[in-house]
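S.K.: Listed here are the chains, written in short residue letters.
2 protein chains.
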Amino acid sequence: MDIQTFSQADILNFEKRFRTQFVNALSGFKSGNLIGTVSLSGVNNLAIFTSVVHIGANPPLMGMISRPNSVPRHTLENIEASRFFTINHIHRSFYAKAHQTSARYSVDEFSAVGLTPDFKDFNAPYVQEANIQIGLEYVQRINIEINNTIMIIGRIVEVHLPNEIIEPDGTLAIEKAGTIAVSGLNTYHTTQKLEQLPYAKP
Amino acid sequence: MDIQTFSQADILNFEKRFRTQFVNALSGFKSGNLIGTVSLSGVNNLAIFTSVVHIGANPPLMGMISRPNSVPRHTLENIEASRFFTINHIHRSFYAKAHQTSARYSVDEFSAVGLTPDFKDFNAPYVQEANIQIGLEYVQRINIEINNTIMIIGRIVEVHLPNEIIEPDGTLAIEKAGTIAVSGLNTYHTTQKLEQLPYAKP
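These protein sequence lines are chains A and B, in that order.
Each residue of the first sequence is one higher than the one before, counting from 1 in the working numbering.
Each residue of the second sequence is one higher than the one before, counting from 1 in the working numbering.
There could be a bad hint or two in this list.
[What the hints assert, rightly or not] Straight-line C-alpha distance at most 30 Å; calculated DSS-like pairs for lysine-lysine:
no., chain 1, residue 1, chain 2, residue 2
1, A, K193, B, K193
2, A, K193, B, K16
3, B, K16, A, K120
4, A, K16, B, K193
5, A, K97, B, K193
6, A, K193, B, K120
7, A, K193, B, K201
8, A, K16, B, K97
9, B, K16, A, K176
[Unchecked claim] Okay, the calculated bits of chain A under chain B, using three or more residues with CB under 8 Å as the criterion:
no., segment
10, 22 to 31
11, 39 to 45
12, 73 to 86
13, 91 to 104
14, 138 to 149
15, 153 to 159
Read the hints as simulated data drawn from the structure, not as lab findings.
Yeah, the Cβ is synthetic: ideal placement off N, Cα and C, and Gly gets one too.
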């Protein structure tokens, strides 16, 4: 392949949308999740995030990066007000609906895009169509001052998932559950398992 | 599918390794990257991270989560001492070597696993075998106190990648570049593009 080098100055000189696409792809494949919240006045909100990361297993913690004044604003406001949120894996059958939640709706995104809110007995709405649903309690907000992004950390309160994807060692076969991967800003991918490798020893 | 529900208490009662596998899979697909660093005494270090995330495009910033007293300790020490590091996408041809960097070596992981350090004109070693190589300068350390993990943020200084994967809008076809996705602790996947969707409007 013909390798090209870009300096920091080259990247800063890119046209804005070109740079956004380019830099967004550099981290590699991303998780694709829908975050479900509800406002204090009872309006449901659903937003796609590709920045959900594992923070720790004990206590079980997950994090995500939010832009302060951008599309996911309602998500952040609702989490801080209601203290609860859900993370729902995007299944290959509804990735286009999930993507559509990134539009700036003034109404409930569930009904706008055609997905179904399902509270079960939790304090925030799950996506009924999702195979893997995680309910979290808000733990901490970390302000990343260098660019005013915000990391939200939540503690897992409950998990709903298909029994068939749980392997004997605790591994979850999320590919078998239909979970998609994302690259860049807006490209969706299915996956094909290569191999599960054992714990590495020298 | 037969949906099973797990409470927080169920998860805390899992056997430790089972819980680690289970919770690590809940965030969805992850990026798979090798972080290259060098100590002040000149010893190269290479470590696999599945927690690299996009932080921002302008300035171009990337982050990653590090455990303080675990495998990536040398990575963190080297970044704080030398101020530079590289992020290298794991290509499907060397995912097993990349995984092997997670073993606790007392020697240089490049030679231990059979990958080639390549400094070019940078202050940290790239993985020569990687198609997508990013050189970063250390910007900030954020301590996540709830579980003593650490977020490291770097500013992109230079990028090396194949010309053929750059699309007209700035999108990088990382699938075409052979970049893999990871699930859970240790499962590697190739991807198959479904679709790139346009900017969503209501």
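S.K.: None of the hints should be skipped; say for each whether it holds.
M.R.: Status of the hints after comparison with the structure:
Using a Cα cut-off of 30 Å, the hinted pair K193(A) and K193(B) holds, with the two alpha carbons roughly 15 Å apart. For the hint pairing K193(A) with K16(B), the CA-to-CA distance comes to about 25 Å; that is within 30 Å, so the pair holds. Of the pairs offered as hints, the one joining K16(B) and K120(A) holds, with about 28 Å between alpha carbons and a cut-off of 30 Å not exceeded. Distance restraint check for K16(A) and K193(B): the Cα-Cα separation of roughly 25 Å lies within the 30 Å cut-off, and the hinted pair is therefore satisfied.
This hinted pair checks out: K97(A) and K193(B) have alpha carbons roughly 17 Å apart, not beyond 30 Å. Pair hint K193(A) plus K120(B) does not hold up; C-alpha atoms about 33 Å apart against a cutoff of 30 Å. At roughly 34 Å between alpha-carbon atoms, K193(A) and K201(B) are farther apart than 30 Å, so this suggested pair is violated. Distance hint between K16(A) and K97(B) is unfulfilled; the C-alpha atoms sit about 37 Å from each other, more than 30 Å.
Distance restraint check for K16(B) and K176(A): the Cα-Cα separation of roughly 24 Å lies within the 30 Å cut-off, and the hinted pair is therefore satisfied. For a cut-off of 8 Å, the count of residues in the segment 22 to 31 of chain A with a CB near a CB of chain B stands at 10, and the three-residue condition holds. With 0 residues having a beta carbon nearer than 8 Å to a beta carbon of chain B, the segment 39 to 45 of chain A misses the requirement of three or more and the stated coverage is violated. Counting residues of the segment 73 to 86 of chain A whose C-beta lies closer than 8 Å to any C-beta of chain B gives 0; at least three are required, and the coverage claim is violated.
Counting residues of the segment 91 to 104 of chain A whose CB lies closer than 8 Å to any CB of chain B gives 9, so the stated coverage by that chain holds, three being the minimum. With 7 residues bearing a CB less than 8 Å from a CB of chain B, the segment 138 to 149 of chain A meets the requirement of three and the coverage assertion stands. With 6 residues carrying a beta carbon less than 8 Å from a beta carbon of chain B, the segment 153 to 159 of chain A meets the three-residue requirement, and the given coverage holds.
Hint compliance for this structure: hints 6, 7, 8, 11, 12 are broken, all remaining hints hold.
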